[in-house]
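*Asks:* Please work from the sequences and hints to get the whole structure.
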Amino acid sequence: MASKNTPLTDVEKIRRLPWLVAGDSLNTAFFLLTFSGTVFILFLNELGLDAAQIGVMLSLVPLVGIVAPFMAPWVGRYGYKRTFITFWGIRNFVFALMLLTPLILAQFGEQKVFFWVAGIIIVFALCRAIAETGSYPWRKEAIPDAIRGKFIALNSMSTTVAGILVTVGASYVIDVGVGLSRFMTLMTTGIVIGLISVWVYAQVPGGAKKPSTAKTTSHVQGMKQSLRDGNFVRFLISLGLITMGATAVIAFVPLFMTEQVGLSDGNVVLLSVGTYLGALVSSYWWGWVADRYGSQPIMQFSIIILLLLPPSWLLIPRHSSASLPIAFFIAFVAGIGTLAWQISWVRYLFVNVMPPDNSSPYSAVYYAWFGLISGLGPLLVGQLLSLSSWLEVDLGLLQIDPYTPVFGLSIVLLLAGLGTISGLRRDGATPFRRLAGMFLRGNPIRALESLVQYNFAASEDTRMATTERMGDAGNPLSTFELIESLKDPSFNVRYEAIHAIGRMPPEPELVEALLAALDEGKSELSFVITRSLGRLGDPQAIEPLRRLLFCNYHLLEANAARALAMLGDADSVPAILEKFQAEPNRVLKIAYVSALGQLGVAEAVPDIFALLRQTRNETYRAEIGLALARIAGEETYYMQHWHSLKGSPATATAQAVLALQKAMTSARQARLVERLDTCAAGFAQGDLAAGALHLQAIIEALLPALPDDPPAAILAECAADLALFDPDRLEIILLSLHTLDIALRQLQQTGVHHAEASLHTPV
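Just so we're aligned: 335 in the working numbering is position 313 of the sequence shown, and the numbers increase by one with no gaps anywhere.
Don't read these hints as lab results, they were simulated from the structure. Treat the hints with care, since some could be wrong.
[Unchecked claim] Each computed DSS-like pair below joins lysine-lysine, with the alpha-carbon atoms no more than 27 angstroms apart:
id, residue 1, residue 2
1, Lys-246, Lys-231
2, Lys-172, Lys-35
3, Lys-35, Lys-231
4, Lys-509, Lys-172
5, Lys-544, Lys-509
6, Lys-668, Lys-684
*Replies:* And the structure:
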């Protein structure tokens with residue numbers, strides 16, 4: 023058992039987090055049934071208050087929050103948790119006075135009841151503000167930063183379910199009830215639930231009072247320091263713009279739905295279910311993405327969703343049977359967007375903005391600012407609605423009404439907020455464009471499925487299969503899991519992870535992880551790592567691979583040469599050429615040949631042909647031929663005809679020779695065109711040796727017309743080998759045809775044509 027002064031471990035914090043979730047869920051029910059949400063707005067409307075007066079009421083709770091900077095030093099000395107529990111409980115008894123509202127209305131009328139309700143709200147808001155001044159530092163301590171996004175998401179899921187249940191129940195009560203009594207029933211229920219939530223919150227640890235040495239002056243200095251923090255100030259500006267552009271406007275949407283769209287009070291309350299459903303289905307996703315990729319890109323994405331809401335509200339059909347389902351769908355989208363915004367900005371505040379050693383002054387300034395903006399927002403919207411109450415224009419699909427200027431202002435403020443958020447410090451967060459691009463590459467659905475399977479995989483076979491699927495998906499969403507798999511205790515899983523990374527897009531984190539694994543020392547996996555680095559194609563790997571060329575492990579050196587060629591490292595050509603010429607092992611020489619071919623090193627052609635003539639293995643000869651084909655030009659022709667040549671060499675070769683006639687004609691070599699027929703006939707009859715001699719004659723006749731380029735050098739070597747043709751070495755015929763095709767196309771493009779070459783048949 024930890025002592026009172028011992029800092030809480032993350033394990034202890036996580037163990038007690040369910041109490042915090044339960045408290046927040048109960049508190050959700052409390053505020054939905056009392057001072058916030060659709061129920062309270064309809065209650066004020068039932069009292070006969072106009073839009074401006076409702077705006078004043080909605081502004082009172084947040085405006086009182088400006089007391090936070092003045093209360094924070096006292097709250098710190100009294101104890102963050104102790105302050106919260108005390109005043110969170112008192113506010114319930116204050117709000118209980120609202121149950122006397124019907125009596126006040128009956129005795130004194132609508133004018134007096136406005137001041138009665140406002141007075142209760144002010145005292146209630148003061149208690150709430152003092153409590154929340156202690157809540158923010160306490161919550162920062164109680165929730166580990168590493169899981170803050172996921173906690174917010176899971177907490178949101180729980181509070182959303184609570185919100186749905188409460189909203190459905192409230193909708194029923196409002197529909198079947200009449201007058202103020204239905205609201206009194208709901209408020210009484212909310213107050214009881216609120217008192218229970220206080221006891222539940224008391225079970226959450228942390229929030230002890232600050233040491234007595236703390237002075238008020240240090241708190242004031244801390245607030246001044248926060249205002250000199252450019253990123254914090256920019257965050258507050260962004261928060262203010264989005265709060266006024268979204269939250270303040272959304273608060274008046276229930277009135278818009280009843281006054282302009284024509285929905286009943288019960289249906290308007292039911293729309294909140296759509297909002298909660300949108301939040302519920304997306305909550306864990308947003309928390310997971312925020313923890314994984316950072317808060318800033320989620321903030322930006324949420325604003326883009328929120329920007330869709332004002333035009334959607336403007337275009338919703340009025341007094342139609344389609345009004346409710348369309349409004350419900352818009353509410354669903356609003357739930358997705360508002361929750362994404364809430365999770366991301368709260369996480370950014372606690373993780374990226376608020377320093378752990380100075381959280382109280384920062385939270386006090388934030389709370390005061392947020393209260394001021396949240397209070398001014400409804401006031402501004404309410405006044406704007408009053409000033410535009412005369413607007414009523416029917417433009418067909420678009421109807422101009424008092425809410426149109428409000429929705430227009432919302433779009434302007436949201437766009438401004440999007441711009442300021444782009445300037446916030448990222449602190450390692452993934453840029454928005456890069457995160458959005460992750461869903462456009464490979465197969466994101468398969469990647470997400472693999473992530474779920476990965477977290478439940480236990481056996482080696484399952485982990486290997488899951489890792490393979492992540493590579494097959496080719497989507498960056500599985501980057502972190504693949505990096506984690508590089509440290510798996512199983513060699514086979516690590517091996518599969520390296521292969522999978524090689525099939526992924528070249529993410530910087532993947533390249534760095536492979537390079538780190540390569541630096542751990544030479545092992546069996548080093549050969550696989552070099553290949554994957556080559557496939558990823560990131561230049562960052564070039565320098566480490568160059569060092570491997572001289573590591574004294576011949577097989578690893580050869581693999582490094584292949585990888586450097588895949589990366590197109592022309593600067594390594596001298597070293598690779600040197601290794602090729604010095605390597606005694608013919609099999610390893612082929613690796614260097616492949617690298618030189620991929621890099622198009624023409625000076626190596628004579629040595630490569632010498633190796634080809636010494637090589638007996640058919641597969642190795644084909645690889646050497648491919649390297650020479652690459653030096654000549656694009657490998658497409660070589661590979662397309664290699665498959666057909668393996669199946670039916672005589673027919674495939676004859677067809678390939680005849681296909682050269684058009685290119686030969688374009689190159690103005692008429693007499694050679696005729697000779698192609700003779701050559702093709704020899705191959706077609708199955709006499710490969712005769713066909714090879716005719717092909718040699720064509721090449722030697724064409725060589726004087728060719729520029730001194732790699733194709734000419736390769737054709738000269740091919741002609742020499744065709745003169746001594748071995749029927750088992752079909753790669754020479756294929757390489758000759760491939761290079762002839764390239765050479766003739768070069769002649770066509772450059773317009774070079776000599777007098778028709780004389781043709782001498784060799785004896």
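*Asks:* Each of the hints needs a verdict: does it hold here or not?
*Replies:* Hint by hint, here is what the structure shows:
A threshold of 27 angstroms between alpha carbons decides the hint, and for Lys-246 with Lys-231 the separation of about 22 angstroms falls inside it, so the pair holds. With a C-alpha separation of about 14 angstroms, the suggested pair Lys-172 and Lys-35 falls inside the 27 angstroms cut-off, and the hint holds. Annotation: proposed proximity of Lys-35 to Lys-231 holds, straight-line Cα distance about 18 angstroms (limit 27 angstroms). Note on Lys-509 and Lys-172: the hinted pairing holds, with a Cα-Cα distance of about 24 angstroms set against a maximum of 27 angstroms.
Pair hint Lys-544 plus Lys-509 holds up; C-alpha atoms about 16 angstroms apart against a cutoff of 27 angstroms. At roughly 25 angstroms between alpha-carbon atoms, Lys-668 and Lys-684 fall within 27 angstroms of each other, so this suggested pair holds.
When held up to the earlier numbered hints, the structure conflicts with none and fits them all.
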